[in-house]
Structure formats: C-alpha cells, structure tokens
Amino acid sequence: MPTMNMLQAINNALDIAMAEDEKVICFGEDVGVFGGVFRATSHLQEKYGKARCFNTPLVEQGIIGFANGLAAQGSVPVAEIQFADYIFPAFDQIVNESAKFRYRSGDLFNVGGLTIRTPYGGGIAGGLYHSQSPEAYFTHTPGLKVVVPRNPYQAKGLLLAAIRDPDPVLFLEPKRLYRASVGEVPQEDYQLPIGEAEVVKEGTDITLVGWGAQMEVIGKAVELAEEQGIACEVIDLRSLLPWDADTVVESVLKTGRLVVSHEAPLTGGFAGEIAATIQERCFLYLESPITRVTGLDTPFPLVLEKEYLPDHLKIFEAIRESVNF
Amino acid sequence: MTKYVHQPLFMTGDEFSIATFSLLDPEGELYEGAKEPDLPRDHARRLYQAMLGTRILDERMMAAQRQGRLSFYMQSTGEEAAVVGTAAALDDADMIMAQYREQGALMYRGFTIDEFMNQLFGNELDYGKGRQMPIHYGSRKLHYMTISSPLATQIPQATGYAYGQKLAGDGHCTLTFFGEGAASEGDFHAALNMASVHQVPVIFFCRNNGYAISTPSNEQFAADGIAPRAFGYHMHVIRVDGNDALAVYEATRQARKIAVEQNQPVLIEAMSYRLAAHSSSDDPSGYRAKSEEEAWRLKDPILRMQKWLTKKGWWSDEEEASEQETLRREVLDTMKRAEKRSPPSLDSLITDVYADITPELQRQYDQLKRHIRRYPDAYPRGARSLDLEVNTSTESQGEA
Ligand SMILES: Cc1ncc(C[n+]2csc(CCOP(=O)(O)OP(=O)(O)O)c2C)c(N)n1
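Chains as they are written, first to last, in this note's numbering: chain A, 1 to 325; chain B, 1 to 400.
Keep in mind the hints are simulated off the structure, nothing from the lab. Possibly wrong hints are sitting among the right ones.
What the hints assert, rightly or not - Derived, one-sided and incomplete: chain A residues facing chain B with beta-carbon distance under 7 Å:
hint, residue
1, ASP30
2, VAL33
3, PRO57
4, GLN61
5, THR141
6, LEU144
7, TYR153
8, GLU184
9, PRO186
10, THR298
11, PRO301
12, LEU302
13, LEU304
14, GLU307
Quick reminder that beta carbons are idealized off the backbone N, C-alpha and C, glycines included.
If we strip away everything but chain B, and leave its shape as in the complex, we get:
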C-alpha cells in the first residue's frame, strides 16, 4: 500500500544498517547467546579438512609458481571459511558457479589433488584440455561449472540455471560466488532482478574481501557493502562473518532452505579479507599496508575452526600435524606426476569450438599440420602429438 507523507522525505538507506551474523570468536569459543549449528562430527571434520587442504594446496602451488614451475596461481588464503563453509551447507548435487577463488568448495566436494594438478599444468588429462589459465577448474560430476575469466558473467547464468532446476522440480538450487568488485558489474544487477521477479532458487554469495586487485572497497561502492542492494530487489539477505566457518555454514544452510522450499533468491555477503596477493602476478605492497594484513591474520578462519574442533574433542594437534604432512606430500608427489604428463593433443586446438568441426576449420588444421611437419622443432608440442622427431633442446625456447 502506498504511504503518503506531506513533507519532502529523502532517504539514503542509512536507516537499514545490516548486522553481521557471527557464532565463533577468534578463540573458537561460541559467542554468548550463539547457538551451535547442527553439524555432526564427521561433517565438521570434512569441512575443516577441506579448509586445511585448500590452505596447503595454495601454499605449495604459490611456491611452485615462484619456482617457475607454474605460470600463474590464485590463492584463497583468508577466505577458506567463506568458501568451504558454504559448500558444506549445500547438497553436493546443488550447482556451484564460482568466480575463480573458490577452490575450497571444489576440494570439499572431492575434486582430487590429481584433478587440481592436471588443470593447473594444462596437461592431457586436464578436463579443460589446456585451453584456460591455471585455476579455471570445472567438474560436471561434482556439479561445479567451469570457471570463465570475465567477471560476473556467471551471476545471471546462475539465475537461469536455477530457474531450470525449479522447473525440473528436482529440489536443487544454484549458488554463485563472486567478489565485491564483480558485484559492480551490470550482470550482477541483472541477475538479482531476474531472480526476484521470477522467484528463482538461487543463492548469490558475495565474498567481500576488501579489495578488487588494488581497488579498496571504499572506491568500489559508497554504501554499506553489497548486502543492502538486496532491498532494491526485494530479496532475502544476510551478512555473515566470513572468517567464521560455523556462521557461514548456518547462514547458507538456512538460505538454501529459503531457496528450495520457497523458490526465493537469497543474497549472502561474507565479510572477510584477501590475505594474499590478488594473484601470482600482483604485489599488494604497492597499494596497502602490511599492518592491515597483520591485523586480519589474527582472525585466521582456519585457526578459529581448528580451536573449536579441538575443544570439542573432534580434532587434535597430532591429527593436525599428520594431516598437514600427508597433504603436503600428496601435493608434491602429484605435482611431479602432472608436470611430466604430455600436453593436450594438437587436435584439441580445433575440437569443441562447435559440436562438429567445420570444413573451413578442418582446412586450417590440415594446413597447420603440414606446417608443423615442415618445422617440427619450432612446435615441439604439436610435433610430439603428430609423432614427429623433435630436437628437445629447442623446446625450452618455445615456451613463454
């Protein structure tokens, strides 16, 4: 019903300040009045192990990038709770459409270290056939849509995917991750609007980690974060402490209930901090103070969860040490194997462009093969896949 006033009334939205839902304090203790979520022991351990696994994978792969073994890498350091806590609250068959920094969700769902490595090294076993940069994972089996680098494009896609799920009536929803930077894109607004108009079971999950590359959030938006945007679209919204895995878990669990039971979209904003560089090509010392990072290190989501688990008697220091050791060894061993594998075959250049290879593309490919036969040393990868002799001493020159 329209409400009338008879004096001009301007509003800024300041009257709707949004609180942050938090359960665990940095010492892993429940806040007063906080209710522990219903998270059984094995489930809690699985959640924690994926957080820890993500941290270790990130550390090792960043080191590998520094050694020149890997061309590029992106860490999730500091945001493991936001990502894994979310995945743990979904049904494993709900669709996840991620931005790129959400390897934790994939690890939670059981993507193996082997599978990670094959993509990172773009070898013949990479599902993406060595076409995309490292960290662009995807898994049909695990309901994890392959990453696309253009930001925010997956957000309206998530709305569409979820609408299809609603029509199919299979009781599933879609969750899409994005950064507070990507939330500036037009795609974000289009996605929320369509989701609310069409009553779609989709969860929009914003990882607000304070920075979009060098741009701090106060140069990204003027209002109180991303959460208030939900009001404009008449959508359920919750803001959560992104470094508290339990709170993230509980917020997402309830959001999922709203999505699948009421066919309503939900926006979640997780407040966290990108502790590492944006990517291996970035140097944060050019745009932010070390002291700021240090302050956030004290809120490390992994330590917090570990303390809580340990207090409950569900985890121990010995387990922590042996788990870390096992994971490190597995990552290193697997990396060595993945590095040695062959690159994708030459015809992966022309497959999957269309369902069937066009005659013109086939003609271009035949011409390329003739050319490589003439100069095998200049194209060692192509030559190897055509079974041509290659003088390997020239191979390293060919790599970027």
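Same shape as in the complex, but just chain A:
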C-alpha cells in the first residue's frame, strides 16, 4: 500500500472523483495552475482542463454562491476556501442557501453535490486569522454536513464520501497535519461512512472524544494516562453534523467518564453539545462530571499559541481529575 501525506491523499481523492465523474468540478482561489496554496489540487488542471479545475476571482461569497448554483444544476462542485478563517464572507451562502435549498423548495431543488473544502486549525504560528476552528458555527445549521478527517486514510475515504453524498458537506482539513501526518492509503477508490464515529482504541476507565488534529493530541495524553494504569477509550467523531451520539453513549455507559476536547473556544463550542447529550442519556452512569478541554474564550493568539491550545498535558490533567474525582 502506498504511503501518502494528507495533502497527497486529498489530491488523490479529487483525482479519483474527477476521473470517475465528469460532473465533478474543482475551483477556488489559486487552485488552478498553482494547485492551491497548500497544493491540494496539484496537477488537476493539467489533467482535466481549465473548465473543470480553475482559479476563481478572490471572492468567497461568489465562490460558494456559484457553487450552489452549479450544484443545483446537477454538477458536483468541490469548492476550496483557502483558509477556514476566510469562510465567513460565504457564511450567508452556506448557512442560508446551501443548507436550506432542499427544505425550502420542498425538494424541487437541492445542492447535494456540493462539497466545500477548507483548511482549519492552529499550531502553525498563524495567529488570529490563520488558525481558527469554526466548526461550531456550522454545526448549528440543519441541512449541512460537517466532516473532519484526522489522517490521510480518513481524508481520502471521507472526502470521496463527501463528494458523493446527497447533501452539501463542509469538509474541514486540519492543516497542521497536511504534511505532518503520513500513513498508508489504498491506491483504489474507497469511502468511509459520514455520520459514524470510529472507536480508535478500546478502554474501560474513561472515554475521550475528539476529531481532526485534536486526535493526535489526545493520543499523546492517552499514552501518559496509560502509564499511570488508566485504560482509555478513544473515539474520533469524524463527522460533527450529523454526529454519532450512540457510539459515544455506548462508550460512556461502559466507562462512566467523558473528556471532550477541541481547539475552538469553550463557550458555544461543539463539546458543549456532546456534554449535554451524554449527560441526558447517561446521567445515572456518570462517575464524574463531563470535562471539556478547549481553547480559551478569546480569539486565537500568536506568540502564546502553545499556552492557548488544548494540548496533551491539559488533556492528561483532565483525565486525572476525572478519574480521581
């Protein structure tokens, strides 16, 4: 099996999707000749021509509005927003249009073909405007699907699933892992299910839930905890909307403890949604309060990024406190 980094896996998925279905069209700022500022769309223009892979003018609301129209027509747009921090000019098109197309037309029209790819997250010395994790704004939007891969294998399988999904999908790519995460990725076409969490590791003492780049950090925390004899169950949600509550419930019924972690600020973050649901469904089984390890309720800093980010030590401490409650 070939090894790929996450960018290569994404590029490979786009290549497969474009080869298979000529309705698949990739566009965004700098995605053409240059292959995108991170190179996720390298060589696609060369291979499939300028009509199917092209640079757009610099206007995110235009990119997604255009993509909505294109998807409504029956094409399969895969639009790139250069950084998740710059998705907000397109917020109206995504939240009011993409997400509601099917509902408001009584299914006369839909934009199910739409996939929006965008790099998100911190840890790259990007400061305020190149580090945000905006998932919670979108998980509050019925009609949209929100997917976050954690490694190259997932990136390929989930992206192919997103492109072929009958609903619009926001695909958040952890940019810190673009080159850092390398692994075996099958050359052939495969899909991973959207809406299903993955139990990455089984354990009996405590459940840890995360997604995307945070999974690597959770992994490190789990190593520290296991050295202390704490058996951790680790769950990667993979998709946040819809999210797989059953898998988390089942795990917490077993372990009685839950720590959720994400980079985005605490208040209004998606961990709150998980905590509330689990509290409702597992109340009598909980041995300690559900804990959230997250970014602070502030914009993303630059120089003090390390202090800001939820890292393995902060998660390890949360595990300890939960187990010793």
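Let chain A serve as the given structure and place chain B with the ligand on it in line with the hints.
Coordinates of chain B with the ligand only, in the frame set by chain A:
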C-alpha cells in the same frame, strides 16, 4: 435625462478606455508635456528616503526570515512608489487603512525601525501584543489602522471612517489600500456604492500589481482593470503609473482635494508589479516566468525616483551609499534588540477581548495559570511571565 434609441444598443464599456497618468520615464526624465508637481526639496527627499528605507527593511527582513529568525514576511518590492508616493500626498493626520503590503506608508509617517521590529518579533513592546502575524502593523499616533488579514474588510470601514470625518468637519479624509485581487470581494463593491451615495471623503487606492498570490489579473477580472468600476458608482477615477512616484504623488494630491473639498470619493488604480514573492511562504516560480519579472525590474520605481532627484541636484551617489549603509546597520542592530526582548505577558491572552475581562474568562485564565505552574517547562513563555523557573533546554522544542 433619459436618452432613447430605437435600435438595440448593447455596450461593453470598451468605449471608455482609461489612460495611465505618468510623469517620469524610466530614466527619471519628465515626459514631454508633463508638468512637474509642486514638490519641494525636503518633501521629495523624505518621500525618496521612505521608499529606499522600505526596500532595505524588506531585503533584510526577508533574509532574516530565510535564516529562520522570523516566522513570516511580506515584501513591497516594486511597489514602493505606489505606496509612499500616496502617503506623501496626504496630510499626515489623514487616516490610512492598508491591506498589508504598505509598510512604506507607515515608514513615511515616521514609524521607527524599532516599532517595526517589535511587531515583527511579537515581543512585549509590540502594540498588537504578539497576537497577529508579522507585518500586521498599526499606529494610532500615526493614523494608521491596524492591519487585519481578511481581505477587503477595511474598504467599507474606510467609507465609514471617512463619513465620520466629514461629520466631524475636521478637513481630513481616509485612504484605503487594497490589491486588484481584493477588489473582487463584495466588500469592495459595497464600499464604493456607499461612498458615492453618501458623498464620503474617501480615497480607494488599488495597487494593481498583476497577481493575487498565483492568480494573474486576467483570471481575476475580464475588463480593463479596476478603474472602470468607478463609472458604475458615478465616482471620480484616475489610473496612474504605479512605478512613478511623482505621478502617484500628484494623482493622490488632487484626489485628496476632491475628497476633502467636495466630499466625493475617488478611486485610484496604480499599475505596478509585485516583483517579489507574494509572501515568504510563496514561490512564484510555480506560476510565472522569470523573464516577466526581469522586464519589470527595468522599471524599478526606486531607481527612477533616484535619477530624477539626482538630476535636480537634490540627491547624490555618496548620499545614496551612506543612507543605505546607515539604514542597513540600523535594521540589523534593532533586529538583534527586538529578538532578545521578552514575549508579551501571559495575561495578554485574555485582555482586550472585551473592555473588561469576563468572569468566565478569568476562571479559564486561573485554571491555565494553575496548569502552567504544574508544567512550567512545557510553557516557557507563560512560565517566564509567571516568574517560574524554566528549564530553557526545552524551550526550543516548544516553538513552532
Ligand atoms: C477574505 C480572504 N480570502 C483569502 C485570503 C488569503 N489571501 C491572502 S493575500 C491573497 C491575495 C491578495 O491579492 P491582492 O489583493 O491582489 O494583493 P497583493 O497580495 O497582490 O498585494 C489571498 C487570496 C485572505 N487573506 N482573506
């Protein structure tokens, strides 16, 4: 008055081709029929020195980035005339709202090398408290709004700021810089429309440098540049040779007059070329030919201005050499100092989010402090600001 025709008449705007205002040729000679602007010796020298200073700062900081001393940098190389010529034509108290590549305007207004370095290194003296990436400068004193990375957001803000200036009646205007790429954003159109409807003293200054990262201007817009868009908003417009500091100066001076005397917005499009990479993270060899860059090097705005000044006897080769030497030394010395300074204090994480720190944020901060006390070596910057002992050998591991 409505004019009627009785055959279908479609128009494309091709009939309105916009000329480029240019005064100096690449040899620093005035074109025939060109009138030298009223630019006294000291003012002309100040303008040139800021252009030269910008070039030298850019060269040194790019080298520092390559040596790994700086995380990121953006050069203004090739566009110094467009930026400094503009600043020189404004009143120093007019507001400037820049995009990010306009360090020359800030230098012209007297931002010191120290101030540049403190921001670039995000140290304790950085006005932005180490929160934004390098090149996100700002100065209240110099009427230079702090840079924000999301493109074009400052353009409608400039309209609003200038409207306030008009109401205040202080005789000032706002000038906003942006690239031809950013001019595609909805914000640009909203800004021009509101400015013309409300008669606002704002100058929209587009640096058309041919590229938005890798995207050439012919993939950015189909028409004749950005200037013709002014017609749709019934706005004054001028296109200027962006590599000719004198022409930029004169165009902006007159635009300012229209803005403050008539409360009318003006659009200026400066035609130039981004000679350097987009940023230190970019490699232009992936999307354009070296020969194209070389052709533009022959139109270097600094050489052109220098030749003109020298011919007038206002500048000399000796002055050029000593000025370059002094600036280089100052940049290097200042950089060494700025690099060594402490990072911003830990509480800069939670200040300025709101005017007052919220109780919830305070609780999160107290928890963070407890955590850092437990693991000081893992957070050397936080630990240092809490006066905790740090094992410095772990510090480098912590940096991105
Ligand atoms: C809203 C938004 N979208 C995308 C970006 C990423 N980005 C940063 S600079 C840039 C190109 C800007 O080009 P232009 O406006 O022509 O200015 P230039 O860099 O040429 O000076 C892009 C796409 C951003 N900063 N903000």
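Taking the hints in turn, this is what the structure says about them:
With a least beta-carbon distance of about 5 Å to chain B, the hint placing ASP30(A) at the interface is held under the 7 Å criterion. Evaluation of the VAL33(A) hint against chain B yields a held restraint, the C-beta minimum of about 6 Å falling below 7 Å. This hint holds: PRO57(A) has a C-beta 4 Å from the nearest C-beta of chain B, less than the 7 Å allowed. For GLN61(A), the interface hint holds, the least distance from its beta-carbon to any beta-carbon of chain B being 5 Å, beneath 7 Å.
At a threshold of 7 Å, the smallest CB-CB gap from THR141(A) to chain B is about 21 Å, leaving the interface hint violated. Interface restraint check for LEU144(A): the shortest CB-CB distance to chain B comes to about 21 Å, outside 7 Å, so the restraint is violated. Annotation: interface hint on TYR153(A) violated; nearest CB of chain B at approximately 26 Å, more than 7 Å. Taking 7 Å as the C-beta contact cut-off toward chain B, the hint placing GLU184(A) at the interface is violated, the least distance being around 27 Å.
About 29 Å separates the beta-carbon of PRO186(A) from the nearest beta-carbon of chain B, more than 7 Å, and the hint is not met. At a threshold of 7 Å, the smallest CB-CB gap from THR298(A) to chain B is about 5 Å, leaving the interface hint in force. Restraint check, PRO301(A) versus chain B: the minimum CB separation of about 5 Å is within 7 Å; hint holds. Taking 7 Å as the C-beta contact cut-off toward chain B, the hint placing LEU302(A) at the interface holds, the least distance being around 5 Å.
Taking 7 Å as the C-beta contact cut-off toward chain B, the hint placing LEU304(A) at the interface holds, the least distance being around 5 Å. With 7 Å as the threshold, the beta carbon of GLU307(A) comes within range of chain B, its nearest partner Cβ sitting at about 4 Å, so the hint holds.
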